[in-house]
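Chain by chain, the residues run as shown.
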Amino acid sequence: MINATQAVQSTEAPRGFPIPVAALRRITKRFPGVVALDRVSLEFHAGEIHVLLGENGAGKSTLVSLLAGMQEPDEGEILIDGLPVSIDSPRHSMDLGIGAVFQRVSLVPSLTVIENLMLGGSWLRSLARGAALRRFDELSALLATRIDPDAPMSGLSLGEQQQVEIMRALWRDEKLLLLDEPTSMLTPQGVADLGRMMHRLKEKGVALILVTHKLLEAYEFGDRISVLRLGTVAGDIAPQRLQTMSEAERTETVIGLMFGAADPGAVPAQDHEDELAILLGGKLRRAGSVDRSKPAKLSARALVTMPDFAETPLHAVSFELWAGEVLGIAGVDGNGQKHLAEVLAGQRSLRQGRLELAGFDITRGRVPERRLRGIRYVTDDRLGEGTVGTFSVATNLVLKEIGASPFWRHGISDWPLIYQSAREQILRNDIRTPSELTPVGKLSGGNVQKVLLARELDAEANVAILNKPTYGLDLHNQRLALDRIVAAAARGVAVIVISTDLDELLEISDRVGVMFRGSLAGIVENDAAAGSKVRRLMTGSAAA
Amino acid sequence: MAAELKIVLQRVLIPVVMALVVGGIILLALGKDPLDYYGIVLQRSLLRSGGAQETVTRMAPLLLIAAGLIVAFRAGIWNLGGDGQFLLAAVASAALAPVLAADLPRALNLAVCMIVGALVGALWSVIPALLKARYGVNEIITTLMMSFLGTSLANVLIKLVLRDPDTTVPQTRSLGVDDRLPRLFGTTIHSGLVLAILAVILVHFMMTRTAFGLKLQVLGANRAAAVHAGLRVERLTIIAFALSAGFIGLAGAVEVLGVWGSVRADWNPALGLLVVPLVFLARFNGYAVIGITLFFSALTVGGESAARRVGVPQHYVLVLVALLLLFLALVEYRDQSRRKPSAAAT
Chain A
1 MINATQAVQS TEAPRGFPIP VAALRRITKR FPGVVALDRV SLEFHAGEIH
51 VLLGENGAGK STLVSLLAGM QEPDEGEILI DGLPVSIDSP RHSMDLGIGA
101 VFQRVSLVPS LTVIENLMLG GSWLRSLARG AALRRFDELS ALLATRIDPD
151 APMSGLSLGE QQQVEIMRAL WRDEKLLLLD EPTSMLTPQG VADLGRMMHR
201 LKEKGVALIL VTHKLLEAYE FGDRISVLRL GTVAGDIAPQ RLQTMSEAER
251 TETVIGLMFG AADPGAVPAQ DHEDELAILL GGKLRRAGSV DRSKPAKLSA
301 RALVTMPDFA ETPLHAVSFE LWAGEVLGIA GVDGNGQKHL AEVLAGQRSL
351 RQGRLELAGF DITRGRVPER RLRGIRYVTD DRLGEGTVGT FSVATNLVLK
401 EIGASPFWRH GISDWPLIYQ SAREQILRND IRTPSELTPV GKLSGGNVQK
451 VLLARELDAE ANVAILNKPT YGLDLHNQRL ALDRIVAAAA RGVAVIVIST
501 DLDELLEISD RVGVMFRGSL AGIVENDAAA GSKVRRLMTG SAAA
Chain B
1 MAAELKIVLQ RVLIPVVMAL VVGGIILLAL GKDPLDYYGI VLQRSLLRSG
51 GAQETVTRMA PLLLIAAGLI VAFRAGIWNL GGDGQFLLAA VASAALAPVL
101 AADLPRALNL AVCMIVGALV GALWSVIPAL LKARYGVNEI ITTLMMSFLG
151 TSLANVLIKL VLRDPDTTVP QTRSLGVDDR LPRLFGTTIH SGLVLAILAV
201 ILVHFMMTRT AFGLKLQVLG ANRAAAVHAG LRVERLTIIA FALSAGFIGL
251 AGAVEVLGVW GSVRADWNPA LGLLVVPLVF LARFNGYAVI GITLFFSALT
301 VGGESAARRV GVPQHYVLVL VALLLLFLAL VEYRDQSRRK PSAAAT
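Protein sequence lines correspond, in order, to chains A and B.
Residues 1 to 544, numbered by the working numbering, are exactly what the first sequence covers, in order.
Residues 1 to 346, numbered by the working numbering, are exactly what the second sequence covers, in order.
Same shape as in the complex, but just chain B:
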């Protein structure tokens, strides 16, 4: 256990420190004070109550998307169509929730809308899933294409069909604050977060402790071996797609039902691709995803204030994430090349 802990620390802490140091050097080169920047990030994102609540709230959709991506990536499926799945699900639940709110009790309404969101997300993956399962069509291309279609369709739906006539900006009807996901313990954090954490842990359990998860992993690691072992490759592929897109759709629904209450036509947080590097940083491990999402969420929340105060672009946070990925890969590479000689014995 101690040795394992040491490895984790080496593999995670070293890259994090290196990314922060190099990121700081870049800030210095831009003529900014890195300590000032990091100080503000830390203070705004975690040390202040409002900032901390914002940080944690933003984790909810990231975690749900991560849960979806873990399922897909472990099964060797590149679901890069998260944005379309997310937005369509968000629009569907945003359109449905205010209508149903009149008739259904709050809990039931929320449950129905979340299920609808997940189903809409899953539905948007059916075409890439069938193409992949039946004809082996590369899902990177099909999911990306479906994503473009999905974001455009969401936009069109809001402007033409679901538009709230009472607003000037095209958006769906707003769900009353009292009908949204309940807040936790008098904070601004909504209960969708609990759901998201549960989803990630559930997925982690599924992938590591169940026959179904192992089947998906075999499929992802060696498709030929999956065929050889008699796994139903087509069916597994379609289910993995549906689960993945379903979780991402759920993320869209939760974000609408917990935070926004409506969807504006120009709204697209583009989280689908943003979460991809985070999932890789976590090496598809559910618990690591929670930690990394927290770290990333804090960086974004704090980064927004810090960017304004210090005077760097808001997306500087992404530079840090990129550096983090780079150093993580380098540490991994060093480990691999160290291990190699022992494995090469005849």
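So that you can see chain A by itself, here it is in the shape it has in the complex:
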């Protein structure tokens, strides 16, 4: 009788002592030289969005990888539905009803969207395309996405690929959904859609774990917030308490937990403030003063590109860019930003249009000639095309200079000089690498980006195009990247920053242009009303 009552209590009284969908008990995970997680205990409940907040290196990603079966804890145990389990593979994790979306896209590029989504099924069953398409449509409606199920993955932009990732994680109607920085690639509209979707899933009784470093998102979506710091749970704000707090109180509490209120002197005040600004969604505004009375540095007239499979081509894009100016390019991913960047860099040929650099026609120049003239391109596909992952940091630093002096004389490589110059660059740009000979693919995302920025924002740079320069970076490295961009503009470099993070663009741009279906829907001065104007342009409604 007593047993029966207890059983009823534990399953039917969610408000009392519900069995968490997943629970971590004193989990410790060590890597050589680092304790990524130190005796972490957390519980994740059904019908709750649980936000994990923290800086990179706080252990968020490690925690997610444990639940996703990518790694196993050194100590402690994981309970699913109250039963201890040892999640030894991603497949096992999926079998337990855990779906995960990671920062890095992990889909098969040569397959189509729908084929990728059908991959998870048992290989004994035949591929039920009809059923898969129905599920796809359902999820498309949920996510409000417009992806062609038969488009090859390789043709999608990073943002669209991530949307497919989210679909795949939701594909089996999971019990627990892990989202590792899912909003970093989405537009404001996309974030709102994602929020609605999360809410619906929550109503269905799914437990959601949202990993983020954006405070506003944490408030907006989170029922419960746990703050991780240096591998430990610095604190927890329960739903009841979260609801009663004012926004200022929340911020105060969370910042205290994230950065350790005990020792405010540990972080230099300025840094701290800057990071805070990013956390709160970019309140820093650059006071740029651009002299537009002089002739433009770069002028693009009616640029048109050939349509590539599943890529948006440019359709009569014209703009002018002045020295020392930062032109932000906003827009939903996949609206032609990639073609624009590649055309300017000389990596993609034009079908029509004209490009002038300081009055000089460079329409026909390819990458090497444009590079000689000081045009630089920091790609968003850092490991895919920006670097050769298996090559050393030193080689990657000179990747676009192969054959040029002083590192090559009569075509013969001067490796000692290349290495020496790399060591200097590594010091100057604070690239964290064991040595200049380390393969660049082994570095963290932030350091790969530092390598690219060091290579592209050099002293001879004239015009710099940066595509999603902060994507996938932690706060500190985002700050560094943005600082370097602003510093380059201050030196007189004409800068184009393409990003889907509007806050970031409003922070550093002098003007913001919006790409929509291959056209430049408009360019607005970055004044107080810029945000709302840009948002209107992004949806394709009439020019501001």
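Derived by calculation from the structure, the hints in this document are not laboratory data.
Yeah, the Cβ is synthetic: ideal placement off N, Cα and C, and Gly gets one too.
A portion of the hints provided could be inaccurate.
To be verified - Restraint ranges, calculated between C-beta atoms of paired labels, are given here:
#1 A:Ser154 <-> B:Leu28: 45 to 53 Å
#2 B:Lys6 <-> A:Asp458: 49 to 57 Å
#3 A:Ser41 <-> B:Leu28: 55 to 63 Å
Unchecked claim - Simulated pairs of lysine to aspartate or glutamate, DMTMM-like, Cα-Cα distance not exceeding 20 Å:
#4 A:Lys442 <-> B:Asp335
#5 A:Lys442 <-> B:Glu54
#6 A:Lys400 <-> B:Glu234
Unchecked claim - Stretch by stretch, here's where chain B covers chain A in the computed footprint (C-beta under 8 Å, at least three residues):
#7 376-387
#8 400-406
Dock chain B against chain A, hints included.
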């Protein structure tokens, strides 16, 4: 340096010893005495003067083909059409050499024939090269197809056009021994070997110390990065094909001008594919290729005698090469999985 040496020893010696041990076990299972087999191999291939000369002579075409394959593989191009390139070049130089021998001095004749061989080899790669560069057509398929065409064409050319009327077996006219590549220091080793070693070292230097080599390596490691860096991908692809096939064609010419003097219609040593695993064993390193080619050459030369004496198939040597590849891969795998944990830190 000491640590590097240790790594090399671990990575090369361990697989070699393991391959020999497992190969020995297989011999035991066949009821043969492995020590007997290996003893004969060693004695016939290296310890006897005649065998040693044969071993070294056979290295020449292998090294030239390896030089060609290193260029292609480093550039990410699978030139598997070596047999066709080799044979057509051999036939071309075999047809030309006896004719020119009458008019040209020996050195000039040999030089012309070798250049023609290299050009014919390169020419046979033009179609796969253009298809790959322009349309991205998979070169594994096109080079293999061109190889079948090339070997057949060589055969047809000998039988229909270039046949020496004085012989019963269809073959080209023979180049006089005095007109062939000069021998070295009174041995049977011809000077083509020197050329081959130079070619391998040259290629090694080119790949590791020149801008052109680095460009090819970027192309091979990450084509998208090559485009991003503004390399002329199409041109590099075509040049890499031409260089690769040119070296293989040179191998064919050297083999004819140094050893055979003529080509029989049914002759096809099929070295093009044979060298592929050797180049991988050497990890595309020119100096390692020389060592591995020596090892392989000794195995084949010694293996022929040993096979007859011990009573195993002649191609048992290939079993050893296969085992060697297997163990090399296993050692590599072990190294990789050991290194992984340190790289996985967040």
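Quick rundown of the hints versus the structure:
For A:Ser154 and B:Leu28, the Cβ-Cβ distance of about 52 Å falls inside the hinted range of 45 to 53 Å, so the restraint holds. Restraint check, B:Lys6 to A:Asp458: a C-beta distance of roughly 40 Å breaks the suggested window 49 to 57 Å. Between A:Ser41 and B:Leu28 the beta carbon distance is about 59 Å. The supplied range of 55 to 63 Å therefore holds. With a CA separation close to 16 Å, the supplied pair A:Lys442 and B:Asp335 stays within the 20 Å bound.
Distance check on the hinted pair: A:Lys442 and B:Glu54 sit about 47 Å apart at the alpha-carbon level, beyond 20 Å; violated. Proposed proximity of A:Lys400 and B:Glu234 is supported: the alpha carbons are some 17 Å apart, at most 20 Å. Counting residues of the region 376-387 of chain A whose beta carbon lies closer than 8 Å to any beta carbon of chain B gives 7, which meets the minimum of three for the stated coverage. Check result for the region 400-406 of chain A against chain B: holds, 3 residues qualifying (beta carbon to beta carbon below 8 Å, three or more required).
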